Structure formats: C-alpha cells, structure tokens
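Number of protein chains: 2
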Amino acid sequence: MKCKVCRQPAVIEVRRHNAGFCQGCFLAHCRNQVERAIKDHGMIGPGERVLVAVSGGKDSLALWDLLLQLGYEVDGVYIGLGIQGYSDPSAEFARGFSAEHGAKLLEVDLPDDFGFDVRSGAAADHRVPCSACGLSKRHIFDRAALEGSYDVLATGHNLDDEAAVLLGNVLRWDLAYMARQRPVLPAGDGFPRKVKPLVRLGERETAAYCVLQGIEYQVEECPMATGNRHLGYKDALNAIEERSPGTKAAFYSGFLDRAAALVAEVGEQSREGLHPCPGCGAPTTATELCAFCRLVDRAAEQKRRRLSLNR
Amino acid sequence: MKCKVCRQPAVIEVRRHNAGFCQGCFLAHCRNQVERAIKDHGMIGPGERVLVAVSGGKDSLALWDLLLQLGYEVDGVYIGLGIQGYSDPSAEFARGFSAEHGAKLLEVDLPDDFGFDVRSGAAADHRVPCSACGLSKRHIFDRAALEGSYDVLATGHNLDDEAAVLLGNVLRWDLAYMARQRPVLPAGDGFPRKVKPLVRLGERETAAYCVLQGIEYQVEECPMATGNRHLGYKDALNAIEERSPGTKAAFYSGFLDRAAALVAEVGEQSREGLHPCPGCGAPTTATELCAFCRLVDRAAEQKRRRLSLNR
Chain A
2 MKCKVCRQPA VIEVRRHNAG FCQGCFLAHC RNQVERAIKD HGMIGPGERV
52 LVAVSGGKDS LALWDLLLQL GYEVDGVYIG LGIQGYSDPS AEFARGFSAE
102 HGAKLLEVDL PDDFGFDVRS GAAADHRVPC SACGLSKRHI FDRAALEGSY
152 DVLATGHNLD DEAAVLLGNV LRWDLAYMAR QRPVLPAGDG FPRKVKPLVR
202 LGERETAAYC VLQGIEYQVE ECPMATGNRH LGYKDALNAI EERSPGTKAA
252 FYSGFLDRAA ALVAEVGEQS REGLHPCPGC GAPTTATELC AFCRLVDRAA
302 EQKRRRLSLN R
Chain B
2 MKCKVCRQPA VIEVRRHNAG FCQGCFLAHC RNQVERAIKD HGMIGPGERV
52 LVAVSGGKDS LALWDLLLQL GYEVDGVYIG LGIQGYSDPS AEFARGFSAE
102 HGAKLLEVDL PDDFGFDVRS GAAADHRVPC SACGLSKRHI FDRAALEGSY
152 DVLATGHNLD DEAAVLLGNV LRWDLAYMAR QRPVLPAGDG FPRKVKPLVR
202 LGERETAAYC VLQGIEYQVE ECPMATGNRH LGYKDALNAI EERSPGTKAA
252 FYSGFLDRAA ALVAEVGEQS REGLHPCPGC GAPTTATELC AFCRLVDRAA
302 EQKRRRLSLN R
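Chains as they are written, first to last, in this note's numbering: chain A, 2 to 312; chain B, 2 to 312.
Bound-form chain A, shown alone:
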C-alpha cells in the first residue's frame, strides 16, 4: 500500500478514509484533522491560553503535542487518582512529556489534596469507580481551568470515545446528555469553555500518532474500568465498524449535523437552576453541597469510621 498523499510506501492504513499514509503524511493528517475540528467548531481562538487535561495515556499526550505543534500556548493538568500500579507510572509519562517539551504541568493529587482515592471514594459514595473518577476529574479539571484563568479546557476524547458515549446515551434516549454531547461547550454558568479537538481521530490513530511521533505513554488500560459499559459500547461499535468502515464517524458527525439541533432545547433546560455550591463554589443544581463535595465528605466520614474501628 502506498501513501495517499506522496505515493511513498505507507506505514498505516486508515480504513475509514480508505487511505494509507507514510509517517510524515500521517502526522500531517493528524494535525490537519485537529486543525479542522478546531476551526469547524470554533474551539480555540488565536492567542487563547489552553489547559489540556492529561492522563498520561495516548489521547491526552497526542492532544498536548498536536496543540503545541499547531502553535497554541498549552499547559497540562494531571490528576493523581491513587489507583495502585497505574497512577504512578501514568504520572511519570505526563511529567516526561512536560519535561521533554518544556511545557508546564499542573498536578493535583486526589489522596493528598482531597483525602481519598477512586476506589475508596466510590465505595463511600456508593458509586461504581468510573462514576466517582469521572465526577472527580470533571470537577478538578474545571476548577483548574478557571483558577488558572485559562481560556479553554481541552480533553482528549477521540472519535471512538464520543461515538461510544453517544451510543450509550442513545440506547437510553437520554436527551439531556445527548444535548450536552457537543465538541464545544461554551463557558458560562461557572464552567470554563470545554473542547474536544480529537473528535476527528480514532483511538487507533492517536496511538499511532504517539508511536510515530516518539511520545511515550501509558499503554495499560485503567484496571478499574475493565468490563464497564462504555467498553461494551466500544466493542459493539468496533464489530459494526469492522463490517462497515466509516460507521462510527458517520454516526457521530450525523448526530452533530442532523440530530443535535433537535435535542438542543433539552440541553438548555439542563443548565437551568444552577447556583454556586456553598462548599466549593462550583456550579450545581443540588440543593445543598455539590456532588463532588458530597463525595469528599462521604470519603472522609468513611475514613473516620475505619480509623475508629481500628482503634
């Protein structure tokens, strides 16, 4: 197979585009896709300061690299989740990238700064681990972007992620979640602007980008996520994509083009009734503390109980 662009031997095939690419043209293809996503959806304006949510995995490090390549001013923020055997090496990949590129990395540590890890927080708050983790990450990333006065918070959600989340939302016809599933959520109501510049790249592409660009990343999947529903939706879409390449991209872009407007009104309603949490100031619809503050409180309460039992 030859590179679609320069006719040199290809090193990767992207079936969805029915195209092969050599190393240089593939890296350019990834930059082009990110540039196009940013432009099409008005994600980042010229001169704006960007904060990238960094996990140490392929997507967030590829995103950080691509945004730097495209000339943006980009810092990273890493959250230590206290997941044994997984969080420490993940942090090392984030720090390694930061050091190598002379890019600033903010760090927050769930156990040190909030007194719990994903496992204990989930147990104390009667959530599955992925729910406690997602809640914590959304809260902390949003705060970091606002407190650092960044113009925009960028996350590494790729096409596979977005298609799988959309499938889950559609299987439940959760119209409020569908309405919020956009590549750009504007700032306001106490939230920073949030953007997903990788929505035009699949996870095979972000992994290949890292390999071909020489970026070292956490290859392991999170051990807490094994068997979760999201991965089930990914498997289902992968099986369909295998028979009909392009299905995922058509599903996601068709949603944005034709269906998002139909559910948009429901999304407007879902931001109604927001007010600052009396605990942390983050926007919430809860009558007292926000969900993250409740998680912190319950994890602390659980810890106290455990300590008093051991006394």
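Think of the hints as simulated: they come from the structure by calculation, not from any bench. Please read these numbers as outputs of a predicted model, since none were measured by experiment. Glycine residues also receive a C-beta, built at the ideal position from the N, C-alpha and C atoms. Where hints are given, some of them may not hold.
To give an idea of the chain A side of the interface with chain B (calculated C-beta under 7 Å), a few residues [to be verified]:
(1) Val171
(2) Leu172
(3) Trp174
(4) Leu176
(5) Gly233
(6) Ala237
(7) Ala240
(8) Ile241
(9) Thr248
(10) Phe252
(11) Gly255
(12) Phe256
(13) Arg259
(14) Ala260
(15) Leu263
Cβ-Cβ distance ranges computed for the label pairs, FRET-style [as the list claims (entries may be wrong)]:
(16) B/Gln270 - A/Asn229: 36 to 44 Å
(17) A/His127 - B/Gln270: 44 to 52 Å
(18) A/Asp152 - B/Ala251: 33 to 41 Å
(19) A/Gly149 - B/Ala265: 41 to 49 Å
(20) A/Gly189 - B/Ala265: 25 to 33 Å
(21) B/Gln270 - A/Pro10: 45 to 53 Å
(22) A/Asp190 - B/Gly135: 43 to 51 Å
(23) A/Pro277 - B/Ala251: 29 to 37 Å
(24) B/Ala188 - A/His276: 47 to 55 Å
(25) B/Gly228 - A/His276: 52 to 60 Å
Stretch-level coverage of chain B by chain A, calculated; a stretch enters the list once three of its residues show a Cβ under 8 Å from a Cβ in chain A [claimed, not checked]:
(26) 170-181
(27) 234-241
(28) 247-256
(29) 260-270
Since the structure of chain A is provided, determine the placement of chain B on it from the hints.
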C-alpha cells in the same frame, strides 16, 4: 427457577423481565404482551379484519396464532420468493398452519406472478437481495391488504427486529426512516394501516411461543440474508443485552416515548409529493414508475437479454 405467576417450575426465563414462566403462564404472557401493544398503540379496533404477512417463520406464525387466540378475524398472505431450498418449505409451514387452524391463506408467487425471483430481481436492479426482497414484500403485502379490503396489515416484526432497524437508522441518523419507524402507520395516501403487534416480544420469546404452542415453523434463517447489516446490528445489540438485560426494550420504548416526537415532522414531509404509480397505482414519489414496477421491468429486460444470448 419458579414461574413468576403461579410458582410452578419454570420452563423459560426472560432475563429482561427478570422472570421465569411455566408453559401456561408463558403463553398467557405472550398474549398479554400482544394485547397490550395493540391497546397501547391503538393497532386494531373491535371487529376489524386483519391480514397477517406470513413468511412461515416463527414470528409471523406466532403472530397469526396470537391474533386468532385474541379473537380477531385474521387471514394470512404468503409470498413465494423463489429462494431455492428455502421458499418451498417455508410455504409448507404457512399452508400447514392455515389448514390446521381453518384460516384463509392468500398466496402470491414472485416468479409466477411477476416473472422474477429475489436473486435475479436483485441482480437486474443492482440491489442487494435483502433490498429487492423488502421492496417486493412491502409492495405486495400493501396491495393484498388494500385489494382484499382488510382494515389492517399486521407484520411479525419483533422487539429484536425493531431495535436492530432503529440502531441502523440511528447510526446513519436517517431522520425520515426514524420518523416512520412506529408500531402503527395509519392508513392513507394509498397505504393500508400497518401494525407490528409483536414489538413487546423478543425473538427468543416468539420462538419459544411456537415451540410451547406446538406450531411448526421454518427454523432456517434465509440463506440470502447471511452477513447482512441488519444481522450485524442484531449481533451488536445482543452483545450489549447480554451484559445489561433490558437494553433493547429500553432503547425501543425510550425512542417511542421521548425521541419519536422530535423526528415526527420529518416523517410528515416524507409522505409529501406521493402520487399513484402510472404502472400499478401504488403510491410513489418517483417521477415515472414506482420502484417495484421498475424492479419488475428490469428483471424482465434481463430475462429477455439472457434468452436472446442463449438462442
């Protein structure tokens, strides 16, 4: 496991309902589900004459039986599709049910009455076989219902079918198809009323209904359908259902409850511009002959060419 209703030993488990049933209570469960679908969606009024589209498979024969059990006046219509090794035995199951229940069966034969079978029609019209088959069945079933002055045409689409079709429509965000995917399509514009009374039963249930009710049916899948997209969507949904029983039912009923209204307007538009086909009188938006008449013409043209080549 015990029967949820009478506590006798269960013969079947329905995971979606988290329930087991004995033979008698399962048959009653199926009748109840069909009765509820008919009532909830206003499918069939008292005293109305029903025509069931019969393939000889589990769904259509279970439907015919269930509607008779519920006291409706129901004839069947069978289409011989000319599929070698498959159509003849299918017809025998349809005729067997008809004879055993003293119920009238209309028969139409694609090769005898229209001069082509699914394979040759598909080739002549440059369609995949399932497309030529579906087009022919919709056309002929609609005609049979109107010409026989039936009040309603009932088809054996079950929950698995509807969920898989919905998934396909959603993956393409084909809003016009989504708008028409309702359990009842009202009569008008040259179409009979069309209803799907099995939408509350999965295909495992319709198969079990036939077995427990002693109905003999065509067990083989259509050999022309192997590997088609629809079966791929079914596989994907089955994998998700296996992890989360009830997903398919929630997907389909959630669509009807929350999303169908959002796309309904698109459906209204799709019936605009219909006029009678100059060939057969069936409603069409085509400028000249309807798609079925074109299929018939192309199949005939192809046959003439083949005959002249062989001369």
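Discussion item. Tell me the hint numbers this structure goes against, listed in increasing order.
Written reply: none
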